[in-house]
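When you get a sec, could you build the whole thing from the sequences and use the hints?
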Amino acid sequence: MNQQKQIPQNYSPMNTTLHKKFIVPFLFIISLLYPTTDYAQILAWDANNNGGGFGVSPWTPSTRNANLQTSGLVRGSGISTSGSAAGGCWGGSGGWSTSQSDSNSFYFTFQATAGYKVSLSSISTATRRSNSGPSGCIVYYSVGGGPFTSVATWSTSSTSGTTGTPNSVSLSGIGALQNIAAGVVVKFRIIPQGSTGNYYLTGGTNSLKIDGSVTAAVNPLITPSTTSLASFGDVMVGNSSSATSFTFNGAGLTEDVSILAPTGFEISTDGINWYPGTDISPVGGTLNNVQIWVRFSPAVVGTASGNIVLSSPGATDKLVTVTGTGITAVSSIVVDDEPYGPYCNGISNTFDLDFTPAGSFNSANFYAQLSNTDGTFPTTPTNIVGVSATSPITVTIPADTPPGSNYRVRVYNDDPLTFSNNDNGHNITITAAATLSAVTQTNIMCDGGATTINLAGLIPESTSSISYTINNGTVQNVAGIIADISGNASFTISLPYSNNGHSLVIGTIERTDISSCPNALTANNSVVLAVNPSPTVTAVSTTPLCATHGNAVISLTGLIANSTSEITYTIAGGTAVTVSGITANASGEADFEVAVSTAENGRTLEITSIKRTDVTPDCESVISGINTILVINSRPTATISGDQSVCQGSVSSELSIALTGTAPWNLTYTDGTSTFPITNIQTSPYTFTVTANETKTYTVTVVEDANCIAQSADISGSATVTAVEAGNGGTITGNSTVCFGTNNGILTLENHVGTIIKWQSSTTADFNGTVTDIENTAATLNYTNLSETTYYRSVVQNAPCMEIYSTIATITVNQSEAPITASQTFCNAATVADLQPNTTGIQWYDAPNGGTALSLTQPLTNGDYYATMTVDGCESARTLTSVTINTVTPPTTTAQTFCNAATVADLLPNTSGIQWYDTPNGGTALSLTQPLTNGDYYATMTVDGCESASTLTSVTINTVTAPNGSENQNFTEGETLADLEVTGTNLKWYATETAAEAGTPTLGMDELLVDGATYYAVQTIGECSSSPLAVTVSIVLGNPEFDLTTLKAYPNPVTDLLNVSYSENILAVEVFNLIGQKIMDKTVNNTQVTINLSDIQTGTYLVRVSSGKAQKTFRILKK
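So the sequence shown is numbered by the numbering used here: it starts at -10 and just counts up by one.
No lab work stands behind these hints: they were computed from the structure.
Backbone N, C-alpha and C fix where the C-beta goes; we use that ideal spot for every residue, glycine too.
Calculated pairs, SDA-like style, for lysine to any residue (alpha carbon to alpha carbon, straight line, at most 25 angstroms):
(1) LYS977 - THR965
(2) LYS1107 - SER1083
(3) LYS176 - ILE127
(4) LYS1071 - LEU1056
(5) LYS106 - VAL158
(6) LYS1101 - ILE1080
(7) LYS600 - ASP580
(8) LYS1067 - VAL1078
(9) LYS1108 - SER1083
(10) LYS1037 - GLN1066
(11) LYS685 - GLU643
(12) LYS1101 - ALA1002
(13) LYS685 - SER673
(14) LYS1101 - SER1083
(15) LYS1108 - VAL173
(16) LYS106 - ASN168
(17) LYS1108 - SER131
(18) LYS1107 - MET1069
(19) LYS1037 - MET1069
(20) LYS1101 - GLU1053
(21) LYS1071 - SER1083
Simulated restraints on C-beta separations:
(22) GLY438 - SER701: 57 to 63 angstroms
(23) VAL742 - PRO653: 41 to 47 angstroms
(24) VAL566 - THR587: 17 to 23 angstroms
(25) THR841 - ILE746: 52 to 58 angstroms
(26) THR684 - ARG592: 51 to 57 angstroms
Put into C-alpha cells, the structure is as follows:
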C-alpha cells in the first residue's frame, strides 16, 4: 500500500495559506539537492571507523547515496588478519595472490534502486603497506556479472601513519560505467600485488571513495484522471457536501506526491478520514490509479473556488479545479428566562440551564457558554461550562471564576455553529470569597508572653473571622478581624515556650461583612512560631581555695546553650551582687569568679536571679535553692625515705613517702634524670620499689591532695639506692672429646667476677639430673678416666648479689658401635662403594682383623668383607658381610625391516625379560606400542632383577603409498577395471576394503564395472603393499556411433534456451541430473531442436541426443 502522511484534522483556512508558502520553496530546495548531471560522492569509507583491528568485513560505508544498495567492502576469504594491525587502517596481513578472484581481493558491489540509474566519474583510495607488504594494487570492475576489466594499477609507498599513498582514476570515459540501470550489479576488486606483509586502506575519509551521480531513470510524471470536478453547489456553512473523486498515476517519482486542497475543501484517501492535504509515497517510483475523494466544507458564506495541487520534486505540478457555494445556516436555539445565584468564587457552583433548539444540527451536543465579567459573550466557542445532547445542560461555574455581578449564560451548537438567540435573561452574581496571601509573627516573646499574628492579602476593608490550629491541635476561632485599605490585619495571642518552632495554620477564613463565602485555605496560610524560653540555672558549684584568700571559680550548669546572661547572687544572705556577660557553652555551662576572704570559709553563695541579655525581650527568672559552700583548705606535705644497697639490675626494697592532707593524693618523684607521676593515692605512706641498674637518689617534686597543691616548703627528704655490680660466672676452657677407656684433662675458669664457691659436674647437659658438688675453689679442675660424657661448671658469687654459674664445659666420651650388615648380591659388577651400609664413618676390609681399609673403587668378587664404624676418631669392631656377583648375558639381535609401520612389540627377540631402548645407555625402556622409525634400537635382557648390557639393532621402515587416481570415475556400459584411470606398481583390485587389506581374493582386470560400485586398488613394491585406494564408478550415457563433427549444442553455459542441431534428424532429446535421474525429455523429428531450460535449477546436467540408432551424451552448465 502507498504510505500517506496527512495534514492534521484541526487545520484552518489560515494555515492552508502558510502550508502553500512552505511547500513551494521546499520543492525548489529539493530540486537543488538532487541535480541531474553534477557528480558527487555516492560511496565512501572512513578508516578511522573500521570496527577495530584489521577492520570488520563486510565494512559498511560511512557515505552512501540513499538510492544505492551495497554489499559493503569485503575482505577476501584467503586474506589473513593475524598479528597486530596499524591504527586507523583497514586491510589484512597476508594471503595475497595476483590471480583474479574474490578470495585474494578487497571487493564490493552496488546497484541503483528501482526508478534510478547510476553513472560513475572516479574511484580513489589512500593505501599503506608494511615494509614487506605488497608494493601496490590493481583495480578491476565488472558490470552485470560480466568479465572483470582492469581500470588502474596503483603503487603504494607509504609504510606508516594514516595519510597513505593517494591514488585516483577517472571513470567518466568508460561507457559501461555510465547510465547503469536499476538492479544491475557493479562489482569492483582491489587486488594487492605481493605475497607477504600487511596491506591497508587508510587516510580517514579518503580511504576509498566512488564519485558519480544517482538520478531518476525517467523524468518524474504525475497524470490525474481529470483537470476539474463538477461544482459542489450550495452547502450550508458548517456542513460538508457529499464526496466525489478522481484518480492519478505517477511514474519516475523520486519523492512523495504532495496533494493540497484550497480553502473550504477537504480531501481523503479512504472516504472516511478528511484532511486539507496529504502526502503519498510511491513504490519503486510508481503510483497507479490512486483514488482521491474531495468534499466541500464551507466555513463562510459565499462562492469558493480553487485548485487541488498535485506536486512532487522534478515533476510538473498538476491542477484539479473545484468550486462550490457556502450558504447561511438556518438552525436556532432559545434559552429559558431564569435567574441563578448568587454564588461565591473559590468553589465550583452548578445549576441546570433549560433551552429549546430549532432546525437541524449535525452535531449531537449542545454547549453552555458563560459570558465575560461584563455580560458580553465571546464570538468563538469558548468559556464552555457544560455540555449535553438534550435540555437541560448542567452548568458548572469554575471555582476560579473572577467575582462579578453581570454574568449571563447561553447555549450554542458547533455544527453548524449556532449561538442561542438569547441568554438566561438575569445577571448572575459571583461574590469574592475571603482571601489570605501571607501569615507572619510580629515579635518574639518570652515564655507565656503575648505576640501579634499579622495577616496579609485580605480583601481591603473587609471584616472576617478565621479558624487556626497550633501544631495540629484544637481549632481556635477569632472573629471581627478588620482589614485595612491595603488588605492587612492582625490579632494577638499568648504562647508558652512549648509552642516554639510549632506551625500556626489558618484553616479557614470567612467574610462576615457580606453573605457568607467561606474559604478553606491550603497555601500561604501558616507561620512558624518563635518563643524565647525563660532562663534557668539548675546547679552551682565552686572550686575550693588553698591556705589563704583568693578568687573562687563559681561554675553554673543548666543555662540555655550558647546564651549570654546576667546573674545575681548573695553570700550568707548579704548584699546582692550582679555579674554581667556570663556566656554559656553548647552544653549550657558557664562560670565566673568571686573574691573570697578567709572569713568567708564555709559560708553559702546563693543564686537569686538570672536575666538573658542576648535576646529581645530580655527574659528574666527568679531563682531559689541554687547554692554552694565556699571552702578554703590547708596544703598537703610529703617526706621521702629509704636509703639502701641492692644488686645491680635487681629490684629494691620499698621506698616510702609520708603524706598529710586529704586523699586522694597525686604526686611526682624523680631519680635525678626522669620523673614519675603517680595519681589517685588513697592512703599514706605511699611506697614503691625500683630496679637498681645504677645508683640513684630519689626526691619528691610535686604533691597535691584532694583540695590543694603543696609548695616546695611542704616537700622534704630523699632516698638513695646504691647499685652493686652483679657477679660474672666466667668462661670454662678445655672442652674435649675422648675415647672410652683411659683419658684425662684440665678445665680452666677465666674472666669471672666474684669468688669461686665450688665446681659442679653432671651427666646431663642442663644439670637437671644428678649434680655432684666438687669442693674446689681454684680456677682449674683435673678430670681422669671418664666412662661417659660429663658436663662441668663453676659456682661464683659477688655479694650481695646471688650465686651465678660459669659456662658449661663438655667432655664427650665416644664409644662407637659396630655397624649392622647382611649378605649382599649384585648384578654383573660392583665396587666397595656399592656395599651397604655406606654412611659417613664406614670402612671396609677383606680380613676380620688387621690390614688396610679398602678403596671405594675396589671391584668386588664373590666372598666375605668386613665393615667398621668410626665416630669422632673412635673405630668400632668389624662385622662380616658375604658378597655374591650375578652376571647376565646380553641378547642376540639382527637388523630388521618392516612395511609401512611397526611398533616396539614387532621387534625381535621379544621373549620374557627383553626390553628395548632408543639410546645405547641410560634412558627409559620403550612402550610396546611405541611406533618405530628408521634408526637404531637397543635390547637388554633382565634375569632375576639383573639387566644385561644393551645390543644394537638397526630398523628400516619401507613405506608404500596408495595408488594415484580419482576416487570418483565415470564409465560407459561394457567397460572393465582395465578402463579405470589409476596408476601404481603391480596393481591389484579387490571388491571390498576388507579383501584389500587381507590381500585376497583379487579381481581380474576384465571385471565388468557396475554402476555405483566401489573398487579398491592396492600397489605392491618389493614385499610391501600400500593402503587401498577406493574408486566409486558411475555409468554415463553415450554411443560411439555418433558423428561428433556434425553435432552442435549452444550456448553452453546456457541460461534458458539450448539449441541442438545434427546432420540427420534428431528423434529425441533427454536431460538427466548427475545421479542419472531424467528431469526433462522432448520427442522431435528434425535436424534442429530448441529445449527451454529456464525452469531447472543452476548446475551441471547430462543431455542425451538420439538420432536413429545413434546416441550421444554431453554435459551442459545451467546458469
